[in-house]
Every structure is written in C-alpha cells, then in structure tokens.
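> Sequence:
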Amino acid sequence: MPAVRRTVRAAGLPAAADAPARLRVGIIGAGRVGAVIGAALSAAGHDVVAASGLSTASAERAARLLPGVPLLPADQVVAAADLVVLAVPDDTLSGLVAGLAETGAWRAGQLAFHTSGAHGLAVLAPAERAGVLPLALHPAMTFTGAAEDADRLIGCPFGVTSHRAYRPVAETLVLEMGGEPFFVAEADRTLYHAALVTGANHLVTLVAEAADLLRTAGVAEPGRILAPLLTAALDNGLRRGDRGLTGPVSRGDVGTVGRHLETLAERAPESVAAYVAMARRTTERALAAGRLKRHEGAPLLDLLATSHDEAGSR
Numbered sequence: 064m065p066a067v068r069r070t071v072r073a074a075g076l077p078a079a080a081d082a083p084a085r086l087r088v089g090i091i092g093a094g095r096v097g098a099v100i101g102a103a104l105s106a107a108g109h110d111v112v113a114a115s116g117l118s119t120a121s122a123e124r125a126a127r128l129l130p131g132v133p134l135l136p137a138d139q140v141v142a143a144a145d146l147v148v149l150a151v152p153d154d155t156l157s158g159l160v161a162g163l164a165e166t167g168a169w170r171a172g173q174l175a176f177h178t179s180g181a182h183g184l185a186v187l188a189p190a191e192r193a194g195v196l197p198l199a200l201h202p203a204m205t206f207t208g209a210a211e212d213a214d215r216l217i218g219c220p221f222g223v224t225s226h227r228a229y230r231p232v233a234e235t236l237v238l239e240m241g242g243e244p245f246f247v248a249e250a251d252r253t254l255y256h257a258a259l260v261t262g263a264n265h266l267v268t269l270v271a272e273a274a275d276l277l278r279t280a281g282v283a284e285p286g287r288i289l290a291p292l293l294t295a296a297l298d299n300g301l302r303r304g305d306r307g308l309t310g311p312v313s314r315g316d317v318g319t320v321g322r323h324l325e326t327l328a329e330r331a332p333e334s335v336a337a338y339v340a341m342a343r344r345t346t347e348r349a350l351a352a353g354r355l356k357r358h359e360g361a362p363l364l365d366l367l368a369t370s371h372d373e374a375g376s377r
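According to this note's numbering, the sequence shown is numbered sequentially starting from 64.
Calculated from the structure, these hints are not laboratory results.
Take these hints with a grain of salt, some might be off.
[As the list claims (entries may be wrong)] Label-pair restraints from in silico Cβ distances:
#, residue 1, residue 2, range
1, G307, H371, 22 to 30 Å
2, R170, A283, 55 to 63 Å
3, P136, G310, 49 to 57 Å
4, G300, T166, 45 to 53 Å
Predicted, not measured: the structure shown is a model, and the values here were computed from it.
Ideal Cβ positions, reconstructed from N, Cα and C, are used throughout, including at glycine.
Could you put together the complete structure from these sequences and hints?
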C-alpha cells in the first residue's frame, strides 16, 4: 500500500477506497513557493488539478512549472482537490481560510497545509472545524522565482507543525517532496520564523550593504571581494557560533570602530544606524561568550551608545 494511503488511513481520514494514493492537489497561490511545491507533489505522483494566481508572473510561473494545470478562483481550486496547498502571503492567509469557510468551500476529509513560517495551526481553525486535516509545512528555504528554485526542495528542511496524530501524514508529504521534516511547536512558530528572517533576509541586506560601501570606496566588483570572505564567515558562524567571531569588536579595537563611524557619517550616513546596531549586538554577544572581557567591551558600548544618540538626532 503506498505511503500516503497508509498515513491517511492512520490519521482517521476516509478509507483507502475513498482516499486514493494519488491525491488531487490544488494550489492556492501559484507564486514563487506554491508553484515549486506543486511541481514537487506532481513529481511525487500526485495529480495537480487546479491552481490560483492573480498576477501575470504567477500565470507565467504556473505555465512553466505546472503545465496544463488550469488557473481557477480559490473556491473552485478547493472544490477540485483532496489536498489544498495554501501558499499565500502571511497577512493574507487568515482571511483566505476564513473566507473559504464562510462560503462552505471546505469539506470533511480534505487535507490542507500552508507554507507560512509565521503561522501554525491556529490560522487553519476555520477549515479544521469543517473537518479538514490541518498541517503547517514551511520550507526553510529562499525562493526568488529563478529556474533553480525547482531544485531547492531537495534536502530542504521543512518546519512542521501538526497535531500529534497527523505527524505521519505531514512527514510523508515532506519526504515525498524531497524535503527533511523537523517539528516546531505551535507556541514556538513565530520565534522560529523570526530566527529564519534574521538569518536569511537580514543576511541579504547586510551583503547588499557591504557591497554598496565597497562601491563607494571605489571597488568595481564587490562580489569578487566579498564572496570568499563571507563564505568563510558563514562557515565559521555555523560551525563555531560566537567563537567564530573575528574583527575589531572581537579584539576590543575601539579606535578602529570609532574611525569606521566617523567615515560612515561623512561618506555613507544612511549606514551609520545599521552599523551601530550590529556592532552593539556583536559586542554584547562577544561579552556573553567570553570573547571580550568586561573592561574591553565597556568602551565599545559607550562609543556605540553615543553614536546611536547622535544618529538619532540627525
């Protein structure tokens, strides 16, 4: 018996005769994430029967990754599917689920999972009350809409939140998509997502900021300079945590940090606040990890506090 059928039966869903191993899948939100999820489920042997997407980019992406799949209104996608994938922006998800419930679109025995990292199961409560099995399956990966997105689910960790009885269903779906499931408690979902945003989204901002400063300093190809340095720094951070820290803060070089701030104020004033915030947090972590002694860190914190106040007054 195929894995999906076994786990569906174990979760108390309709009997095997009524729950085929090939699930009819509907994708609501054929954007950068939804289209990739749909393609992965299709490759796993499921039948993607319908999708929804409002933008021209979504339509083009669906045509490329989900060829032949019709684009329909959300309620028609739900009506056609055994498994509904909700891949819409975080702030849209709650209203979408509730709106579909108000129109009677959900039906007992369906499976539904959303791909939001910020939400857990509570946002699916209106569907669950209608008899839908709810899951939160968040791929901890960045998708940009580029061609390589389709390969990024292979080995991708998925943050899974589910009722205990439904964990086998969640795990099977993730494994079928090529991912690796790990479980996140409902109460920890927002903190989990904040951690990923700090690591991924803020990292892109830091890299772009560093590249801009290098261009201002006359470096024509900042990516060539940054790539080996940032690759090594990321490796150090992942393997060694705070022990991987290098640079003027880790040495307590208050004079160097002071000169950085003076130069930034003159040549890139919009970057001062970000530099101060990151240097202060770096100093705090270096102190907590024992990388800096208290007498070494105090002058840095004093300098950064003064610079923060000056930046705020400009």
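> Quick one: which hint numbers does this structure break? Sort them smallest to largest.
Checked against the structure, no hint fails, so every one of them is satisfied.
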